[in-house]
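Quick mapping for you: the protein sequence lines, in order, are chains A, B, C, D, E and F.
Mapping of the first sequence onto full-length UniProt numbering: residues 1 to 115, in sequence order.
Mapping of the second sequence onto full-length UniProt numbering: residues 1 to 115, in sequence order.
Mapping of the third sequence onto full-length UniProt numbering: residues 1 to 115, in sequence order.
Mapping of the fourth sequence onto full-length UniProt numbering: residues 1 to 326, in sequence order.
Mapping of the fifth sequence onto full-length UniProt numbering: residues 1 to 326, in sequence order.
Mapping of the sixth sequence onto full-length UniProt numbering: residues 1 to 326, in sequence order.
Where hints are given, some of them may not hold.
To be verified - If you want the footprint, here are the derived chain E segments under chain D, 3+ residues with CB under 8 Å:
no., segment
1, 12-22
2, 111-120
3, 210-216
4, 255-262
As the list claims (entries may be wrong) - In the PhoX-like style, the derived pairs of lysine-lysine whose C-alpha atoms are separated by at most 25 Å in a straight line are:
no., chain 1, residue 1, chain 2, residue 2
5, C, Lys21, A, Lys21
6, A, Lys21, B, Lys21
7, B, Lys21, C, Lys21
Simulated from the structure, these hints should not be mistaken for laboratory data.
Where is the CB? At the ideal position from N, CA and C, for every residue including glycine.
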Amino acid sequence: MRRRPGWRSEAEAMARPTRKKLVAIVESPHLARLLALLEEAGATGFTVLDGREGRGLEGEWRRNDVVGAVEKKVVIAITNAETAEAVLTAAEGFFARYPGIIYAHDVEVVRGERF
Amino acid sequence: MRRRPGWRSEAEAMARPTRKKLVAIVESPHLARLLALLEEAGATGFTVLDGREGRGLEGEWRRNDVVGAVEKKVVIAITNAETAEAVLTAAEGFFARYPGIIYAHDVEVVRGERF
Amino acid sequence: MRRRPGWRSEAEAMARPTRKKLVAIVESPHLARLLALLEEAGATGFTVLDGREGRGLEGEWRRNDVVGAVEKKVVIAITNAETAEAVLTAAEGFFARYPGIIYAHDVEVVRGERF
Amino acid sequence: MTDIFALAAANLTSPAVLFFALGVFAGVARSDLNVPEAVARGLALYLMLAIGFKGGVAVSQQGLTVELLLAALAGVVLSFAMPVIAFALLRAFTRLDRATAAASAAHYGSISVVTFVAGSEFLQMSGMVASGHMVAVLALMETPAILTGLMLAGRAADGPDARTRSELLREVLLNGSVVLLMGSFAIGWISGEPGMARLDPFVNGLFQGVLALFLLDMGLVAARRLSGARKLGFAGGVFGIVMPLIGAGLALATAALIAMSPADAAALMILAASASYIAVPAAMRIALPQADPSVYLTLSLAITFPFNLAVGIPLYAAAARLALGG
Amino acid sequence: MTDIFALAAANLTSPAVLFFALGVFAGVARSDLNVPEAVARGLALYLMLAIGFKGGVAVSQQGLTVELLLAALAGVVLSFAMPVIAFALLRAFTRLDRATAAASAAHYGSISVVTFVAGSEFLQMSGMVASGHMVAVLALMETPAILTGLMLAGRAADGPDARTRSELLREVLLNGSVVLLMGSFAIGWISGEPGMARLDPFVNGLFQGVLALFLLDMGLVAARRLSGARKLGFAGGVFGIVMPLIGAGLALATAALIAMSPADAAALMILAASASYIAVPAAMRIALPQADPSVYLTLSLAITFPFNLAVGIPLYAAAARLALGG
Amino acid sequence: MTDIFALAAANLTSPAVLFFALGVFAGVARSDLNVPEAVARGLALYLMLAIGFKGGVAVSQQGLTVELLLAALAGVVLSFAMPVIAFALLRAFTRLDRATAAASAAHYGSISVVTFVAGSEFLQMSGMVASGHMVAVLALMETPAILTGLMLAGRAADGPDARTRSELLREVLLNGSVVLLMGSFAIGWISGEPGMARLDPFVNGLFQGVLALFLLDMGLVAARRLSGARKLGFAGGVFGIVMPLIGAGLALATAALIAMSPADAAALMILAASASYIAVPAAMRIALPQADPSVYLTLSLAITFPFNLAVGIPLYAAAARLALGG
Ligand SMILES: Nc1ncnc2c1ncn2[C@@H]1O[C@H](COP(=O)(O)O)[C@@H](O)[C@H]1O
Ligand SMILES: Nc1ncnc2c1ncn2[C@@H]1O[C@H](COP(=O)(O)O)[C@@H](O)[C@H]1O
Ligand SMILES: Nc1ncnc2c1ncn2[C@@H]1O[C@H](COP(=O)(O)O)[C@@H](O)[C@H]1O
Ligand code: NA
Ligand code: NA
Ligand code: NA
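Okay, chain A solo, but in the shape it has when bound (with noise of 0.2 Å):
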């Protein structure tokens, strides 16, 4: 059978890693573009959830509009220590020109060298 990879025996799992968790909220405009980002940074995976609504420096949104350009989109990639110190960098640049917020934060997780 297939291993997936990563996949570990019971005893090797008991010390759970440290990885970093990402999420980045963005204009669907833009996703693509964070997206190329993280994946510059190296970052291995990515979830992408959608907004429904919000409010921020530029006002509120709602998905309910018949426009698309002001929707927002919530982006989570649990990356390495270095990866994400390479996203935030960059993020810098990123969110002073486009709208939205990037924040992180550490989490335990399983499977550790899949990041």
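Start from chain A and add chains B, C, D, E and F with the ligands according to the hints.
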């Protein structure tokens, strides 16, 4: 060119500030009230996501219902410590009356002065 | 008036307890199994969100497909430390077999006795 | 009499009722069949737009009549009054707490749009065409019961504050389904026959197909809600069947009083017998969050709705015809 | 003349305009009526598919004519040119910054599909049937204005990098609505009458009903956007009404120059007068993120769109008829 | 013979095939055109409801015939048997691992609803009207192949535990599309002509338009899946075209054996040639998560589906007519 508020040079960006991330899970009919609570406490922004299904003290719900009344929303807000404290205190009363939960934790942000 | 379980006076509320937030990203066909795993470990609630798109070891997916089989869901559960440990241990086997990830971190909660 | 049985049988083999049954079957068997909620809401919007518009066009040809005013008055009075009876029954025969009983009672004063829609189709099939203005009565009956429900819940320690009151008022007066039904009714009235000439294939051609698809989803929802039936107990379950009969009876008496046509009387009975599943739950979550939603949603969706659809509607039509001639 | 007023009045009491008004009312009154975004996008896809296909079928009967080529040329030139005028006006009379003024100007060079659809319905009702190829003109006018808008914004320090340029180019050439309109147009052209025989109940029967439901949602959106009107100031608000008149005037002059039929001229005027709310906002968010979206979305959705729908369309039709005979 | 080429050409210029091509074009060119998934699922529900209902109404007029039983038996046998051939080919000519080969093979034993729908439209256009009961065969063929696929995958160390087995059984017996197709078929059968009188504009009028819009989305999906084709290699790609031909050939032989009409034989060939993209992928993710989904989804959606739609369907129809007369 107009700089977005909170823009900083790369040199300034190095020391990243810590803020609070608040997450609340609330029922659609009470969303407006929770957002008002956030605003009164001084939050400068928020993002709402649609829940799909869930379970809690009041039992199960799922979005695929004809009935919107028991749908849940997930509200994310990054705030400073003071605002977070005010929100959590006010949330005690809110969640004693209405279904849902709230939790908070520290996050590292860029452009910290905007929260 | 019926008080919701976990209701406390304001004085009691001051010292906010710490709990674990678990987040799992799983494929739709395996959601029921992950929720069962949570329940067996003693979780008292959970919330599921729809993913929109993502990438991981098995490549890309997006929700805008005619095929539901590779869609991903995001599962959030706040639990006590013991339950979290049980879930993470069980998740090792789960995610060795099925696609997706799981991670955990501490959060501050109100009404801590309900988790 | 045989005619009545024939119609009841025809109802049970109509596509609409059968698609509902298919949904219930799929739900109970835990099939993964499901209707995306955006689609279900789109179908619901369509049904309200179409029924409102058709009613308005019908009224544009009759003008504002005394019948309309009397029917509207009757509907509003019933909506205010029925929760009182429902509440008394629930408190007498079940062990539901005050808030949950009051919230449930409010559902029975209000109406269910899809029950009315299915009922109208049945009446039409039976040659009993209700007046267009019954759609306005439908919209007017949606929310008065909310106020009665809140009064019945009593003045609790944490009764509605100012913000809740304003939220509630908006829910009562400007609930989405009230606005869409009334608005479409007005638009039908204003644009009349020329308007109908344009929208006919949309509001008439598709109507029964959309209803069938929507009822499939209602069946899935009802099945999912069945799990809440244990909480109701036997008395609660019986209430979900007896209360519509009481409502229909009251409506029939009222209809006789104001000399409604048998068809209009049947429509009013269907409205009175039906229980809300959109406007009232939302209002109750705002005003009475301590009431248990699984009780009133199970009553409305898993017991009263299927009963009305399969048995109630033909029964009320037969009763109206027997009592009021025609 | 009385004819014109009768048509204008008929426009105001058409279901489409009334459903838009209902949406505005519900939005302003803060009713919880709403159309799920998936449904709204589904309706928009339908409208583009249907209008494109119908246009293509119409052209399949006439073949590729000089009129088509001239109309396409006229549309593209207008789309490139109009933003220049809009930009000059906005800079002269409002205090909008350069980027926001340029982004807003680009919206007026482009078009609004739903305005065109509503306008076509009105023209048809008035017995002025525009050529099928005006749909191709519609698609061609969607994006040239984006380029003019960017030029007007000037070469900023952080002007488009290579990646942005490629994203933009795709947006201009392969924007979803351009592809669907042009594709459906081509399919209509290729499959012709036999194709229409198959799709007729879909693309024609439902058309006005879907339009009504979509306009209900447009009304809700417009009402929500009204809150942004304060930012515009008086001069901004006036611009949102004057600019469509200028665009329509330019289009009328162009139409006269190339000897268009009154119906085609009216269609071109409607296109010129309308402002984009899909393709251009998306492009502007990519290329000019520093421009304030609440300004251009309010202008386009909350001022110009309602004006064109209620007043502009009949006005342009009347003007085309008066100026070009027919 | 010229007749066959004329029909094949007519197929390629039918709106349905052209909208699929438009979707592929938009996807390959990376346009931002997209169909919200709720809309796509709504359209899929509609197609299953309509095709099931129409089949049932047709059967209500013929009654339960030996033909139906034989066709059902033939379909189920084919569904069980075809994966064995597919598996052997994949293992012999490609380097896919056992699990991925078995999972892919299962897709070819099952069917694709939209291929059947498009095929039925083509047959109708060609004057070959298949029996209503072929819809029941369609539903019956959806899931048997899953069982064969699992057997082919072999008894792995981590073979299905009790929970997986029960999940799988539900997927096989109560898969949403099986339930909806069979349920709608039964409803059509029960409600017969009177039922059809009510739903006709819905299930017939809209059918081809909805199919066109759905195929647009299928084109977008196929294009997105094309990126997975590299993984398949040359042999894998060839398999995606040869396997439908083998399936169709087997079906033709079976049809001859049980003396089916040419139209029914063509329908059975289309079913045999088509590959699942809903029921089987879901089951394989549950039972064989180690199999690579990008392989079987690319095969089914990006190779076999377009091939059948553009080339296969007219080919099978022609072969059935040549072989079985008519
Ligand atoms: N403090 C915050 N917490 C959560 N979400 C935020 C916050 N600030 C901004 N956002 C989200 O990011 C979007 C863009 O932010 P902005 O660039 O400030 O307009 C907002 O509309 C929100 O959806
Ligand atoms: N421990 C938990 N973890 C995640 N979500 C929860 C948890 N408890 C409750 N929720 C969510 O909040 C909703 C309302 O909770 P409750 O008030 O407990 O009924 C539930 O239906 C869940 O969606
Ligand atoms: N590092 C990551 N960060 C966020 N989401 C991830 C990550 N890795 C995987 N995922 C999500 O989990 C899904 C399945 O992952 P995988 O098993 O690696 O294919 C992916 O398609 C993503 O949606
Ligand atoms: Na009632
Ligand atoms: Na314009
Ligand atoms: Na097959």
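Right, here's what the structure says about each hint:
For the segment 12-22 of chain E, the assignment as covered by chain D holds, since 6 residues bring a beta-carbon within under 8 Å of that chain's beta-carbons and 3 suffice. Closer than 8 Å: that is the beta-carbon criterion, and the segment 111-120 of chain E has 0 residues meeting it against chain D, so the requirement of 3 is violated. Check result for the segment 210-216 of chain E against chain D: holds, 4 residues qualifying (beta carbon to beta carbon below 8 Å, three or more required). Residues of the segment 255-262 of chain E lying with their CB closer than 8 Å to a CB of chain D number 0, which falls below the three-residue condition for coverage.
At roughly 13 Å between alpha-carbon atoms, Lys21 (chain C) and Lys21 (chain A) fall within 25 Å of each other, so this suggested pair holds. Between the alpha carbons of Lys21 (chain A) and Lys21 (chain B) the distance comes to roughly 13 Å, so the proposed pair stays at or under 25 Å and holds. At roughly 13 Å between alpha-carbon atoms, Lys21 (chain B) and Lys21 (chain C) fall within 25 Å of each other, so this suggested pair holds.
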